[in-house]
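Order-wise, the sequence lines are chains A and B.
Heads up: the first sequence at position 316 corresponds to 316 in our numbering, and the numbers run straight through without jumps.
Heads up: the second sequence at position 480 corresponds to 480 in our numbering, and the numbers run straight through without jumps.
Fair warning: there could be bad hints in the mix.
Cross-link-like lysine to any residue pairs, in silico, SDA-like; alpha carbons within 20 Å at most [as the list claims (entries may be wrong)]: (1) B:Lys292 / A:Asp402; (2) B:Lys292 / A:Gly249; (3) B:Lys292 / B:Thr343; (4) B:Lys292 / A:Tyr461; (5) B:Lys292 / A:Thr147; (6) B:Lys292 / A:Ser381; (7) A:Lys81 / A:Gly29; (8) B:Lys292 / A:Phe246; (9) A:Lys81 / A:Ser94; (10) B:Lys292 / A:Gly250; (11) B:Lys292 / A:Asp425; (12) B:Lys292 / A:Phe428; (13) B:Lys292 / A:Ser401; (14) B:Lys292 / A:Arg403.
No wet-lab data here; the hints were simulated from the structure.
Quick caveat, the model's predicted, so the values are computed rather than measured.
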Amino acid sequence: MSARRRWLPALTVAAVVAAMLVWWRRVPGPRGEMAPVDRTPRLFPELDGVTLPPNLAPPGLRIEEPAEIYRVTVLGARGGKVVAASRRPVIMFSLRRWRALAAANAGADLSLTVEVRQAGRWRAYRPLRMTVAAEPIDQFLVFRWLTPLYSYWRDVGVYQRDLTAYRTVPLLHGRQFNDGCVNCHTFAQGSGRSFTLGYRSKIWGAGTLLVVDGRPQRVAQATGYDCWHPGGRLVTMSVNQVRQFFHSGGEETRDVLDLDSGIVCYRVAEGRFETAPDIAAPDYLETYPSWSPDGKWLYFARAPLLWRGSDAVPPPGYDRLRYSLVRLPYDEATNTWGRLEVIRSGEEVGRSLVFPRVSPDGRWLLYTSCDYGCFPLHRPSADLGLIDLATGRDVPLAINSDRADTWHSWSRNGRWIAFGSKRADGLFGRIYLSYFDRDGRAHAPVLLPERDPRIYDTLWYSYNVPELVAEPVAVSPGRLGRTLRSRDAVVAPLPPALAAPAPGPKDSPWREEVVR
Amino acid sequence: MARFLLGGSSADDAVDRPSAALARLVALLFGLATLYYLAGGAVCVAAALLAPAALRAPQGALLAAATVTWTAALPWLSTQLGFDRPLAVAYQELAAPAVRLDPLGDIARSLTLGRPALALLVAALAVRTATARSSARRDGAAWLGPLLATACLLTPVAHDRGQQGRLQLAAHAARGEWSELLAVADRLSPGQLSYLESYAILLALAHTGQTGEALFRYPMQPYSLLRSADRRYGGDPGSVQKFRAASGPQLYDLDLDLGLVNAAEHGIHETLEAYGTRGRMLVSMARIQVLKGRPRAARVFLHLATAEPWVRPQAAALLAALERDPTLASDPRQEELRRHAVTRDELGVKTITAEFESLVREHPEHRLAREYLLAWYLLSHQLDRLVAMLPTLPAAGCDHLPRHYEEAVLVWEALHHQHAALGPWRVREETRARFRQFVAALRCDVDELPAVLATPGQPPDWALRLWESPWSDTYYYYRLFGISGVPR
Numbered sequence: 001m002s003a004r005r006r007w008l009p010a011l012t013v014a015a016v017v018a019a020m021l022v023w024w025r026r027v028p029g030p031r032g033e034m035a036p037v038d039r040t041p042r043l044f045p046e047l048d049g050v051t052l053p054p055n056l057a058p059p060g061l062r063i064e065e066p067a068e069i070y071r072v073t074v075l076g077a078r079g080g081k082v083v084a085a086s087r088r089p090v091i092m093f094s095l096r097r098w099r100a101l102a103a104a105n106a107g108a109d110l111s112l113t114v115e116v117r118q119a120g121r122w123r124a125y126r127p128l129r130m131t132v133a134a135e136p137i138d139q140f141l142v143f144r145w146l147t148p149l150y151s152y153w154r155d156v157g158v159y160q161r162d163l164t165a166y167r168t169v170p171l172l173h174g175r176q177f178n179d180g181c182v183n184c185h186t187f188a189q190g191s192g193r194s195f196t197l198g199y200r201s202k203i204w205g206a207g208t209l210l211v212v213d214g215r216p217q218r219v220a221q222a223t224g225y226d227c228w229h230p231g232g233r234l235v236t237m238s239v240n241q242v243r244q245f246f247h248s249g250g251e252e253t254r255d256v257l258d259l260d261s262g263i264v265c266y267r268v269a270e271g272r273f274e275t276a277p278d279i280a281a282p283d284y285l286e287t288y289p290s291w292s293p294d295g296k297w298l299y300f301a302r303a304p305l306l307w308r309g310s311d312a313v314p315p316p317g318y319d320r321l322r323y324s325l326v327r328l329p330y331d332e333a334t335n336t337w338g339r340l341e342v343i344r345s346g347e348e349v350g351r352s353l354v355f356p357r358v359s360p361d362g363r364w365l366l367y368t369s370c371d372y373g374c375f376p377l378h379r380p381s382a383d384l385g386l387i388d389l390a391t392g393r394d395v396p397l398a399i400n401s402d403r404a405d406t407w408h409s410w411s412r413n414g415r416w417i418a419f420g421s422k423r424a425d426g427l428f429g430r431i432y433l434s435y436f437d438r439d440g441r442a443h444a445p446v447l448l449p450e451r452d453p454r455i456y457d458t459l460w461y462s463y464n465v466p467e468l469v470a471e472p473v474a475v476s477p478g479r480l481g482r483t484l485r486s487r488d489a490v491v492a493p494l495p496p497a498l499a500a501p502a503p504g505p506k507d508s509p510w511r512e513e514v515v516r
Numbered sequence: 001m002a003r004f005l006l007g008g009s010s011a012d013d014a015v016d017r018p019s020a021a022l023a024r025l026v027a028l029l030f031g032l033a034t035l036y037y038l039a040g041g042a043v044c045v046a047a048a049l050l051a052p053a054a055l056r057a058p059q060g061a062l063l064a065a066a067t068v069t070w071t072a073a074l075p076w077l078s079t080q081l082g083f084d085r086p087l088a089v090a091y092q093e094l095a096a097p098a099v100r101l102d103p104l105g106d107i108a109r110s111l112t113l114g115r116p117a118l119a120l121l122v123a124a125l126a127v128r129t130a131t132a133r134s135s136a137r138r139d140g141a142a143w144l145g146p147l148l149a150t151a152c153l154l155t156p157v158a159h160d161r162g163q164q165g166r167l168q169l170a171a172h173a174a175r176g177e178w179s180e181l182l183a184v185a186d187r188l189s190p191g192q193l194s195y196l197e198s199y200a201i202l203l204a205l206a207h208t209g210q211t212g213e214a215l216f217r218y219p220m221q222p223y224s225l226l227r228s229a230d231r232r233y234g235g236d237p238g239s240v241q242k243f244r245a246a247s248g249p250q251l252y253d254l255d256l257d258l259g260l261v262n263a264a265e266h267g268i269h270e271t272l273e274a275y276g277t278r279g280r281m282l283v284s285m286a287r288i289q290v291l292k293g294r295p296r297a298a299r300v301f302l303h304l305a306t307a308e309p310w311v312r313p314q315a316a317a318l319l320a321a322l323e324r325d326p327t328l329a330s331d332p333r334q335e336e337l338r339r340h341a342v343t344r345d346e347l348g349v350k351t352i353t354a355e356f357e358s359l360v361r362e363h364p365e366h367r368l369a370r371e372y373l374l375a376w377y378l379l380s381h382q383l384d385r386l387v388a389m390l391p392t393l394p395a396a397g398c399d400h401l402p403r404h405y406e407e408a409v410l411v412w413e414a415l416h417h418q419h420a421a422l423g424p425w426r427v428r429e430e431t432r433a434r435f436r437q438f439v440a441a442l443r444c445d446v447d448e449l450p451a452v453l454a455t456p457g458q459p460p461d462w463a464l465r466l467w468e469s470p471w472s473d474t475y476y477y478y479r480l481f482g483i484s485g486v487p488r
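Please model the entire structure based on the sequences and the hints provided.
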């Protein structure tokens, strides 16, 4: 008998055993009478009433109901169906089938039915309803991923997620430059070819990676929150003396403030900074610059400096500091600024109003408000707010929670908002996507989907600074890292009106004050 | 023995029975574990010598792999089972540490661990040279026998006898077995204990309410208070980080026990960030999240903890309890933590004194906090504050103060030339008599005494005659010399 013939019976037996195993492990479908359950099932993530982008990857589900077998059917109002079943309470949908269903039902409703077999009897929960929006969301989401408290920058990275799938790739990680910190990232009109990326490092100092048309360069000047002028020739940046401190009591342990801050404009072609009196006033703290889509207004947050001359951390009155939303007209042709306008006074509304972002159509101003200060992520009271710039009125937003909701970003078509929230557990920041309709209503948000939702069960990292981007980032992590570590850097001094940020204790802005 | 452990290489042995190989493997693993227990990290170096020799024996690849794997895993296993220290710290202690906590201590430790390894290396070279000269067969068993024999002889000589006690002490501290910990500490001499053991002893004394009676029986220094320890490094992040990781659950459980919930959360976050997830810390973190009304965040930490086999039962039980009641109201430990949790946000509080005073102000009934405050007053020589607090101490069935407080009162009276107002308390005559004996032994005038005691830890040369004297378990001895502890 040849060697091949000797293996044949063994292979046949193996194939039969494998087929029997598959048959034995198959998930049986419903049989007999289906008993109705007069409530919707408990699901993670919550999907009842949410609006989904038509191009979003399907959210994996954990069904928080005890059962032996789980079966989920998603039916489209315009036809189409996706069925998934499992012996475990975790449902993962086929990406291909989901895409087809969502595409066929763009602008229509989906009905999701959960059927379970409990003690040998099948039950069907009341179906829940989802809506698929007609407008897609930007394909990519860039976010920062880090532990909830990051004093040592051991694992801080900026990542890019393809929202139409589950693929997440790093853009730059702190380990590429000796446990550094990667922070705010800002894209020029959603472009993956022009953007800025802030970094802090004990070896390479603090600065900004400026990528223009796919070519990275290092600007050896620490800046905070950046925003590209729509013209692409100007990047507006805040310069912040950031300090972190810790509360001895209360729900939130961490807190962050700016001892001082101001705004500068970086001329990309000339490689120099400039500023103006109203964006770098000595008696005010200015931060979170944001351009209107037409580039004629610079929006930012501003608060009076309450602690001049005090080096204490936190300084006296830090919890009375309330930022206002202001804007300043700008003429790019003549490089001149107009008169400052206060849009909302923080003092008047009794809240600190920060992080203004104007919608791409220029009509809506989305911002975050909190009880005090400039870092809403650490304030449980933080909520998103909306102003109709056409009428000047506040528009109620129904997507806030009793935990911190902040770090919002518009999609390029203005129909989607990505924002960070601690609503799930109060500690870890997660990203939610909310549909924003033409009437200024934000719809129930959906958690950033994962194929296996159990990822969230053990994910002790926080997402923050979600930025929606229309195209993938065109520069590799290796090239960004090499640029950061290179000796070639644009050395551009800050304007005299703004002092360079003072280093924190032990040259680390995030170190708390240590008192012996 | 070596022939048994690694097998012979004769033709008869080549057909080795599986049972013999298994017995050999078990004996090898057991032997290495024993050697690790006796000699610590040196066994890892020994393994590097054993493994090549083992390769030449029957089933050599298996034995070599087992030798290397087992010795590499031993520090991890022992730290997991006994001390719950981060893995990085466990291995860092075997190598020259990148971050120096205590240069002298590190050198001493390296020498202690290195001596048996050095002995093995020297023995190996000697034996190899000898066997080469005698043209004996240079296989594993031939030269390994004398090598192991030499190692067995040298290991007890090189063995640090205090090490076993210190390991026992750390294990008791990690398990919260305070009485057993003090029993072990009583057997060790002050010179055998580092500051890490001092923290554990103070912790045991505070938990058993004995700081006032027995604090200075053990080696104490101004930084012997756990919470003061991270300030010892002046804010150097690397050192503080390593210290926190090394003290591990002791420190964070202490913070939690004291009610310093935010401080515990802050510290655990940083340690998790620096060293990755740790079972017991994750459970402590889960309890903190429950205290803060964040049961879902607690679940995340508990789910992570269930991945670690040693903590899995505890984490799974807490997860189940959390499903039933998100506040864990029926959990005694959680209730105790909730009862003592600090609620005031006192941002101005930046010193240890203010921190503990704030604790006691908010929870005057909290014995552990009070014990720590009084211990801190003693260790940092803040006698004015101590004397002012003594009248408010709750009576514990006797009319006299604990001995160390009495001794502190006597020093205070000597410094201020007046009697302290102690309210219902009095200083026992026997304590006064012992203090008088101490002053007499110093052979200084009563007028000179304030000057001698005024500067803690800086004794005049002529006072050194009282070094390691019978008064070494008193506060005034600690004040004079800056260190305490009964020689054993």
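* Would you list, in rising numerical order, the hints stated earlier that this structure does not obey? => none
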